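These protein sequences, in sequence, are chains A and B.
For the first sequence, position 214 matches number 214 in the working numbering, and the numbering has no gaps at all.
For the second sequence, position 238 matches number 238 in the working numbering, and the numbering has no gaps at all.
Since the hints were made in silico from the structure, they are not lab data.
Careful: at least some of the hints might be erroneous.
[Claimed, not checked] Cβ-Cβ distance ranges computed for the label pairs, FRET-style:
| no. | chain 1 | residue 1 | chain 2 | residue 2 | range |
| --- | --- | --- | --- | --- | --- |
| 1 | B | P6 | A | Q71 | 28 to 34 Å |
| 2 | B | D194 | A | A57 | 44 to 50 Å |
| 3 | A | D141 | B | S85 | 56 to 62 Å |
Quick caveat: nothing in here was measured; it's all calculated off a predicted structure.
Glycine included, every Cβ here is placed at the ideal spot set by N, Cα and C.
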Amino acid sequence: MSDKFHDEIAALKQEVLVLGALSRDMFTESLIALSKRDRTRASSVKAKKSELNAGVARLEDEIFQTIALFQPVARDMRVLICSLAMVSALERIGRYGKDIANLVLELPERPCAPEATSLFHMGDLVTGMIDDSLRAYGTEDLSHIAEHSGRDDTVDALRKTIFRESLTHMLEDPRNITPCASYGMIARYLERCADHSCKMAEKVHYMVTGERVEIK
Amino acid sequence: MPGHSPILNVNGLSLWYGETQALRDISMEIMDRAVTALIGPSGCGKSTLIRCFNRMNDLVNGCRTTGTISFHGQDIFCHQTDAVSIRQRIGMVFQKPNPFPKTIYENIAYGPRIHGVRDRKQLDSIVEESLKRAALWDEVKDRLDDSAMGLSGGQQQRLCIARTLAVGPDVILMDEPCSALDPIATAKIESLIDDLKKQYCVVIVTHNMQQASRVSDYTGFMYLGELVEYDRTVHIFENPAKELTENYITGRFG
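Chain A extracted, bound-state conformation (with noise of 0.2 Å):
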């Protein structure tokens, strides 16, 4: 019984990390689209939400029905509740990219819109943290997310940022309104994201450790 149940559980962090890909795929492509423009791209983020759902949805049955069948305690409980803990930090993020890719849709062509580059950079930042929370719920190696607070405190600091600049934008041209609008509100997802990424590591290093810390 305890081979089955063990083999349950490696295969089920696999399928946390196929709806990882999954999640930070829509993240990512998302930000791809709304450098390039590309309404395509964007709606094919949007189609992916209901794939995202029905990962969710099939990855908490499999959890509820482990603990249910297999009342795990120790180590193998606390991989079951980070998984839980992971698969509901990854739809938020898998549905920022969607909330993302909405915007894109509805922001005018360039070149009326001014440039957003601290705002992919802030993007990068966060998908950085997305993998390196992913890498170590797969690896349980916590020097991925040692440097999580510090990645953290730059992406806040980013959206204060980009918040500044919008405004400034808007101020010199009232065109600048409605784009720099969305990039605020962008801004404030992707902090969003980097605050999920965050939960994942927290949760990872319980799964590690059994300790609990806060990661902020």
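Given chain A, put chain B in place with the hints provided.
Structure of chain B alone, referenced to chain A:
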């Protein structure tokens, strides 16, 4: 350990059956008004350990011990300590229900009579009180003169618990008390254990780890005669300190 005070202090306890060492240098404090579970694979010494608490191992030929167990400051193994009075204050319930082939009433009254209670009214009240504390009264109050052998397995086990309570113990030892019972009878015993700990110290040996995690406040994991880890139950089952404990409770053993 916070919140509870110790009632039994085990200090450097080792035990041999002839040449075979069954317990190795065990030290632990058993807390009053709490449930302590002992878990571990067959032959790890958990039953041997609880049998030390009321000197049941005295009855085994070639058994010898070193170290001490103190109970209310008195060494249980000391020659001046009366084994009978120890067993009155530290009662035991076994794996298989073992009622005497007598009436329900006589099963409970037997112990108090041996300890000198003769007054019928006093015996009546002890019988009623003990059966109530063992959550059996409502099921048997109308047939106290029926044979105890006619009770179901779960009722017989609660009768044995009532019989233990009748002599006024401080500690109740239970050696696999549910392993011969169905899930419903098991659930009744478990909720009884939860009630009993308000007034007694309960020590339970169990193979069922879910049972240990459900009923106990403290858990000791034993392996090859050693107490590998002993801590609050939530700690043992959420984040045990020793890898051996982790491997055992998650089924990665051997």
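Evaluated hints:
1. P6/B x Q71/A: 28 to 34 Å: This hint holds: roughly 31 Å between Cβ atoms.
2. D194/B x A57/A: 44 to 50 Å: 37 Å Cβ-Cβ, so the 44 to 50 Å window is violated.
3. D141/A x S85/B: 56 to 62 Å: 59 Å, holds
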